[in-house]
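J.: Use these hints to put chain B onto chain A, whose structure you have.
Those protein sequence lines, which keep their order, are chains A and B.
Position 212 (the first sequence) corresponds to 212 in full-length UniProt numbering; numbering is contiguous.
Position 206 (the second sequence) corresponds to 206 in full-length UniProt numbering; numbering is contiguous.
To be clear, the hints were calculated from the coordinates, so they are not data collected in a lab.
Please note that a few of the clues may not be correct.
For identical chains, the list gives no copy identity; a pair is met inside one copy or between any two copies.
Claimed, not checked - Think about it this way: if two alpha-carbon atoms lie no more than 20 Å apart in a straight line, the pair counts; the simulated DMTMM-like pairs of lysine to aspartate or glutamate are: (1) Lys238 with Asp100; (2) Lys83 with Asp3; (3) Lys238 with Glu122; (4) Lys177 with Asp436; (5) Lys359 with Glu273; (6) Lys296 with Glu102; (7) Lys238 with Glu102.
Note that the structure is predicted; figures quoted are calculated from it, not measured.
Number of protein chains: 2
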Amino acid sequence: MIDKQAIEDIKKIVKTGRVLTEESDRYSYSFDASFGTHLPDVVIQTQEVQELAELVRYANEYKIPVYPRGQSTSLSGGPLPVKGGMVFDLSVMDNILEVDDEDLVAIVSPGVLTSAIHAAAEKKGLMYPPDPSSSHVSTIGGNLAENSGGPRGLKYGVTKDYVIGLEVITPQGEIIKTGGRTVKNVTGYDLTKLIVGSEGTLGIITKAILRLIPKPPSSETVMAVFNSLVDSGRAISKVLSSGILPAKMELMDQASIVAVENYQPSNLPVDAEAIILIELDGHPAAVKEEAEQVAKVCREVGAREVIVPQTPQEKAEVWKARKLVSPAIVRIKPTKISEDATVPRSQIPEMCRRLQQIKEKYNIHLVVFGHAGDGNLHPNIIADKSDIEEMQRVEQAVAEIFQAAIELGGTLSGEHGIGTMKAPFMEMELGASGLDMMKRIKEAWDPNNIMNPGKIFAEPGQKLVLR
Amino acid sequence: MIDKQAIEDIKKIVKTGRVLTEESDRYSYSFDASFGTHLPDVVIQTQEVQELAELVRYANEYKIPVYPRGQSTSLSGGPLPVKGGMVFDLSVMDNILEVDDEDLVAIVSPGVLTSAIHAAAEKKGLMYPPDPSSSHVSTIGGNLAENSGGPRGLKYGVTKDYVIGLEVITPQGEIIKTGGRTVKNVTGYDLTKLIVGSEGTLGIITKAILRLIPKPPSSETVMAVFNSLVDSGRAISKVLSSGILPAKMELMDQASIVAVENYQPSNLPVDAEAIILIELDGHPAAVKEEAEQVAKVCREVGAREVIVPQTPQEKAEVWKARKLVSPAIVRIKPTKISEDATVPRSQIPEMCRRLQQIKEKYNIHLVVFGHAGDGNLHPNIIADKSDIEEMQRVEQAVAEIFQAAIELGGTLSGEHGIGTMKAPFMEMELGASGLDMMKRIKEAWDPNNIMNPGKIFAEPGQKLVLR
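Next up, chain A with everything else stripped away, as it sits in the complex:
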């Protein structure tokens, strides 16, 4: 798609960075944490916004696809260069990370790791709440593109809730600023919240202003063990309607518990149908009292055991078990299809029932865990992608999981994004008119369809293919 002349032109534009054209270099940019391999024609690394903007102007003139990319931990295919063209490796733009404790904001460039923002804020007694499980390896740019969530979403909301300003390169290569350093801003349309979560299809984020909050001084953990998955769902609802808003409320089903115990024995009860893990944060007196109340509610609903770890070590131990689920389940079979279909909280027990049916119907290995407090479960299917017959069953099961979530008033994706993987299912949730209103924005902003083409909006006849 890109000829020799274009490569020469690109090299002239990129004065301060690197232009990678060797196949071995480009190969590293051909995949993410989802499915499929797509080789870009050229990869650009530069910290200079002006150079990137000029590249976009060039790309727009010659209709060359542009793919912004962070650390490519995407589970939905967000950064895959499915139509070749240029990849912008924004992980090198990690030069700005300022915390302003007067304005309570952080100014960051897109290549900064999310965990580095957590650390910089904490140093000043502040907190950047969004905590995607990948935060130690994922960039804030990727989090912004996908509007990442995480366990703390229950109490604190998602990435979008903390972005108040952006610097963006438009598909025409103009550099615009949206929002600013104030929490309140109603000057025209909210382009900030439109661009966050647009998966790189409307522009390239080159800087962001993030809102910070004071770090809660204390936290407590409660772990409750249930013989019935449905009872655990009822406990979640009961806690939330008791006037307490935990920071996190995580669920592990029996398959997750067994997988963790087989991977790294952690004294978990392998005969239990579910464990819920709850974290409360805030004033020390408040969280102590709330932990007791939560324990009481869990016992009333039928928990067979409730543990309130006392020391920081004991607390860490409990949360470690939850973090081990992902590495543990890939030991069962090599291919993990991690979904994030999300339902209203009240529908969690019903969603668990539906998942059980789907598991049996398609005879798949299904593990359910995740952010149960906000309805954002992670049904993970464990398979072997070299087994074509199995992968066909998986594809059908995934489609049925999406359908169940939507039927229960939920959504295709709570935090992973649409990318290439879920594009074929958009109309099922949004209807033709809703999808059309989204397409109109894309077409008005990017008439040449150069910004991350092939994402969010399905090609005619496109289907989910995991093979």
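T.: Frame of chain A, contents of chain B only:
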């Protein structure tokens, strides 16, 4: 603009509601709480979404302007029917107000008063945080259109932060649903947050799903009196960087204090340059401790007096003084120009200095109060609109206030919206490219420009006119 035939057609479409065509009826719909009088051709009152959608399809076919309207408490001209056409009186759509304490959401129709949502949530131990000062008279539909703020914005954010789903009539008369009942949702572009705050220019909101939170069990109030306005600004910064996030943090300058005392004596110190009022909410033990800490910080920064009211009556007394500012200042002169230019918190002392200069330069009666904790001051100019020479000075002063806010890294509007009043200043803040990206959305969604035309985007050569 609308002929007899059109009125007949409209009457046929509206089967269950009322179509008002008498001049005396239409007159009530010609103004809001800002400036200017514009008579609509026809006013429609119906609770039927299908009828409204059909009217929009009709309007789109015949290019008739459509103006959605709630209780018209807008301070920026949002609902003014500046190009005639149809007004949809959505205040009659007050039939749905359901609180679901399992999913922690409220489902509301646009005509419901915001205060009714507060009350319905509280009955179930929950809270709908956004609290515009007009909440006892303004509709949620208006709050959604303008993305209203309020004192609690400091800790809890604004209207947009609590809207997770909408039902909307598009400018083509299609009924679409955006978002849903889940807090996490990254399925495509965030149309919910695009439409909230778009001032009725992108569609008509006919239903909303609002996120609720558990009601904080306790609150404390601190009032600090300062001899220096700049010291009060420093106190605000110092409290916020001390690890405490108050629910509210309000400022009254000397002019506000004097106005209140003249209007309704409240034992306020008329010789003080500023008072700040702080509310802390949360667990009883936490707020008690935080109130002591806040009092200590205020004293350290130079407060001459710090009061921590103990009884609910004493607390109510203190907050009543703040609420009296608006009615008090209109006793000075009949015309109140209420601005909401917002700056980063750290710039509050500098913004106060600039406002002082503008007041002297144009010899205007300027009163400053508002939500200082989030930088959202309300500089109010008190004038007499029959005094043309004075109003010219006011227009110049307003333009200079906007310029000052933008120079200090702030925004034209923190919570009142752009409407007709601030449209001429949009490019000053956004630049030509930023404004262009907004216009593209408007044009892509509403090519016939029928939805609330004349708002947000200025006509060529349009200037601020208050006469």
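J.: Take the hints in turn and mark each one as holding or not.
T.: Hint by hint, here is what the structure shows:
1. Lys238 with Asp100: between (39 Å within a copy, 13 Å between copies)
2. Lys83 with Asp3: Cα proximity of Lys83 and Asp3: one copy only (15 Å, versus 53 Å across).
3. Lys238 with Glu122: So Lys238 and Glu122 pass the 20 Å test across copies only (18 Å; inside, 32 Å).
4. Lys177 with Asp436: between (27 Å within a copy, 12 Å between copies)
5. Lys359 with Glu273: within (15 Å within a copy, 69 Å between copies)
6. Lys296 with Glu102: Between copies only: 18 Å across, 41 Å inside.
7. Lys238 with Glu102: between (39 Å within a copy, 8 Å between copies)
Violated hints for the displayed structure: none, as all numbered hints are satisfied.
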